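Visitor: Sequence:
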Amino acid sequence: MGKTETERVLKANDREFNVQFKYANNYIRTSKYTLITFFPRNLFEQFMRIANTYFLVLLILQLLPVISSLSYITTALPLIFVLAVTAIKDGVDDIKRHRSDNQVNNRKSDILVDGELMSTKWQHVQVGDIIRMENNEFIAADIMLLSSSEPHSLVYVETAELDGETNLKVRQAIPETAVMGEDIEKLKQFNADVRCEAPNNKLDKFEGTLTWAEEKFPVSNDQILLRGCRLRNTKWCYGITIFSGRDTKLMQNSGKSKFKRTSIDRLMNKLVISIFFFQFVLCAIVAIACSIWESNYGDEYQIYLPWDFKNPAIIATLVFFSYFILFNTLVPISLYVSVELIRLFQSFWINWDRQMYYDVNDTPAKARSTTLNEELGQIQYVFSDKTGTLTQNMMTFNKCTIGGRKFGEVKNDDGDILDITEDTPLVDFSANKDYEPSFKFYDQTLLDAIEKGDRNCWLFFRLLALCHTVMPERNEDGKKWGIQILEYQAQSPDEGALVGAARNFGFVFKSRTPTTITIDVQGAEDQYELLHILDFNNVRKRMSVVVRQGHRIKLFCKGADTVIMERLCESSGHLKESTNVHLNEFANEGLRTLCLAMKDITEDYYLEWRKRFKEAATSLDDREGKLDEVYEEIEQDLVLLGATAVEDKLQDGVPETIENLHKADIKLWVLTGDKQETAINIGYSCRLLTEDFNEVFVLDANTEEEAKESVVNALHKIRETVGIKGKDELEGVDEDEISVQSKDFDDVKDVYSFALIVTGACLAYALDPTVEEIFLEAACYCKTVICCRVTPLQKAQVVDLVKRHKKAVTLAIGDGANDVSMIKAAHIGIGISGQEGMQAVLSSDFSFAQFRFLERLLLVHGRWSYYRLCKFMAYFFYKNFAFTLMHFWFAFFCGFSAMSVYDEWFITVYNIFFTSMPVLSMGIFDKDVSEKMCIRFPELYKPGQENKFFNYYVFGSSLFQGAVTSIVIFFIPYGAFAEDIYPDGLSAQAQTLFGCMLATILIFVVNFKIALDTSTWNVFSHILTWGSILFYWLFIFLVYCDPLYPIFNAAFTYVGSATMMSHLPTFWFALILVITILILPVAGKRSILSDITPTLTDKVRILEREEKKKQKKQAVELKGIRRPGAVRPGSIRRDSHRRGSKRPASARSGYAFAHQHGFGDMILSGVNMRIKKDKENGKNGSPAESNNKRNGGRKGSNERNADTRLKSSVSSGGVDIKV
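Everything in the sequence shown is counted per my numbering, starting at 1 for the first residue and increasing by one.
Read the hints as simulated data drawn from the structure, not as lab findings.
Using C-beta positions, here's what the derived DEER-type ranges look like:
#1 V92 <-> F1037: 37 to 45 Å
#2 P175 <-> Q636: 24 to 32 Å
#3 S71 <-> I285: 21 to 29 Å
#4 I1102 <-> I1079: 18 to 26 Å
#5 Q103 <-> T690: 55 to 63 Å
#6 L1080 <-> N311: 45 to 53 Å
#7 E615 <-> N25: 34 to 42 Å
#8 M48 <-> P1043: 42 to 50 Å
#9 Q1114 <-> L1030: 38 to 46 Å
Once the Cα atoms are required to be at most 25 Å apart in a straight line, the calculated SDA-like pairs of lysine to any residue come out as:
#10 K948 <-> I935
#11 K96 <-> F81
#12 K667 <-> V722
#13 K614 <-> R552
#14 K948 <-> N269
#15 K948 <-> R261
#16 K783 <-> E946
#17 K927 <-> I912
#18 K614 <-> A178
#19 K541 <-> A617
#20 K614 <-> R540
#21 K554 <-> E624
#22 K121 <-> K188
#23 K22 <-> Q252
#24 K433 <-> Q489
#25 K554 <-> N456
#26 K576 <-> V563
#27 K932 <-> V1019
#28 K11 <-> Q123
#29 K11 <-> Q252
#30 K667 <-> K806
#31 K32 <-> Q126
#32 K216 <-> C196
#33 K205 <-> L250
#34 K216 <-> E629
#35 K260 <-> N42
#36 K783 <-> G760
#37 K22 <-> A198
#38 K121 <-> L250
#39 K554 <-> E632
#40 K541 <-> E577
Bear in mind the structure is a predicted one, so any value in this text is a computation, not a measurement.
Note that CB positions come from ideal geometry on N, CA and C, so glycine has one too.
Please model the complete structure; the sequences and the hints are all you need to start from.
Guide: This is the structure we're talking about:
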């Protein structure tokens, strides 16, 4: 029923009623196989892959003696090996899933059956059952909370298995059911009806209605405990099962993620198809030639090639399939296994990289996907969140404006503003017993105004102390000194900073109950009745509280200035102007702003409004929309109090990282919910925007026509500046008259720099299908794009726009739940382990703790992964073409009989043992330049963006080289042995000897070729490359020896060939000659090209060698000597963000509200202010860290300055490195 269910109806304690709906039971199954279905289903899944099916067809053909000249072993052995390895891997994974399922399904909970509590396995729990849970137990199903052991029927749950967050969440039963407590008689008689939404995957939303005793009560997400949560700090609780088994939200969210393929994968699939076509052509050629040969000469060779069929056409058809089998090694099955193995090791390098480890919170980098590594070396567009990604998301209260008066600046006696330094005296808050020693504020005038009783300041901070969803708790660590430290648990850093500021200025939020808020105002306790919390969401961009004190009812509201300013009363007009001026000044400094307002409410109006509120809250039809309308009604005619300004500092290394990414021709688009001016100023802080830009276009239109016009004007201005003509302007123009600049922006992009700033309102119109291509063209001409005030959906739409219309690889990086859609939409998704939970990390392909690690991930690991895999692919196709085409040349000398030129066992193990290890070593370990040079010269990254290391041309070149190699290896030994004899006078013209000789020369050539292609040698490279040649010699001398011939029933037919071959001087001559012809010209060509037309890689390698020589020389000369005044290693410090730095002026202020929807309702329904910490989680490390730790292995400023003397100067003619 789950698929068509639109509404769930159930009755408590009534299984007979609920069973009629056939709801899912509570048994879950995440495993794929059983003992019976494992082999057929796993084989079916494996043969869904075209490569496996292809080799299965070949194996079947080889079982037909009439067409097969090779033993089925040559295909069966590699195919069985690959299938077995994959089956074992899948089986082991599924056994783990079975164990996990059994462990979960066999957990026990107490359920109420026939008026008694019975211990029951989870799998037997049914919808409508009343279940009891105890502390530290996992929740068995999605249940509605009825009662608990805690005051106000609160429960604390840990949701780590759902969203990765380890902080405790609070849920509360409605008061009407809470009175039942743990009274079994009352619970037994509980017969309420529940009508709610159908099963879905929305973790933060639930709408339902409970009908009991002829009364209806709204049920929201605040009463729901989800399967997978764990009960914490709560002795017991009771609940009624709403969703079970596969209908639970945990299982609804366990669907498979979208499968991502790299561009190399897509290219490889096309190349494999082209190889199939090439194989078909070769088979057709030999089949036609066979038909002609059989017609003209076949009857003369009956003693060697007797006819089973006399029709040449039938013979040619059979030969076609025979050669189709013989040429199957053009696409070896080991290719796919090798690629996955290389990618696995590339993932290990990322996981093991100590320079991407963040020791502050013990977070290493993690490759969560093992199939996308090389895509990291081809990124062209990076889409980044701002808050928590570029910034630290650790807020500090810096400034504010109250009643038109600005606070937070330090002035001298003449009224001049002074820069704040480490020597600037701090405001002394020690008179406040609840002050925080870590809180820093420099303007004494604000504290003086509060002490003098300034009404505006008191209302301002009273609002901050009341209007929030923060929860207080008492830290038990201070008990041994007789004190308990007050701590706040805030769902966002913004709220924590604002409530903390109010606390330090003497307005201390002390405690809360479901119906009250208690604050301490300048040492006097002040209690308010909490009537309503009008919660925040992304559309409202504000939150409000309605409180009563005595006979006075007040509404306090805080939110983004755009929504607060339009809801002000007329009396706030003058204050609105001055506040806007201050907001602009705050935004120019990169501060995040928030407006505060209030209003008095009459008792009569409130009672009428409360009725409408209750109707909306109990509605099952568009409850959220109706609540928003009711909220909108009361949040009008507000009185402006002022605005806050908090600072969200940049993460360490962000400017340097962005600068290097730009040099690597990676375009960075920032998609943020912040306001335009805040985002612009952060852009200047992190060098996304600089004064060197030709023009910064700001698109902030609010209507469709204006938006389209502004986009078109921006595109026209860019074209006009650069000299690029549009398609309509080029019509009728002669090709010779079109300038280079009119054809390609790439030729002038290093000369011109543009930036595009677009607001969310304008972006909504720009993403319209009629405008999106114009917008995209304008944006792609820009070096930097900043989209402000965007929603999570718009983030994903922007990423999708670039993916659909640009042949470019995209990367999205973020740290919060609002970035998940963007992360999933991009080719590569990166999650940052930040302050906003783990949702982004859980949805990502790669994760780490700091934005600066992106530089190393792309420029080092990404580039190396792409470089290695491309070299692997090119070499793999080369060696297999050289190996397989020998059969084609031999066809002209064996009457096109499909006879193999090699021993069957050599064909079987060629790609498994003799040539696989060296190429795997290259794919895992090889690197053309060091990691230090990858960072110093970001331009090295550009070939990956242009697909230069592996493309159709490189593939064709590998095919051509393989064909030439096969010709040389085949015909030179053929000519050398045409008339050769042994020393005893016997002829040396034996097919087995010739085949053994070709195989031996081939092994030498392909391994020498990979030795030539290897850029960096290590112990593995030497062992695997030279060891492969040695292993081949041992193989042929052992397998082809006389004693093994009878033991294996003549399975090895080339007996004695190795010994005879090694005794022939002609063989050694042919071996040396072939190696000389095939290897020396390649080495010579590369040497000449590196001198005449060196690439940037060649230049960097030369520079690196020269520097190593100098370092060795200096190490000998200066060993143990330190010059007077020399700087000690590690002593250089740098600051990533200087306080008081000036930013270009902008027109507006900025703020992005960081809360999550639903938190306010949960508090209002009875959330206690005290949340106990989960003792099992341990303590987080201090957010502070030393400069050396922050640098994370990056170069200090002095070293970076020294590097500028070695940096490349890019010109149209290439890149010159100046030393």
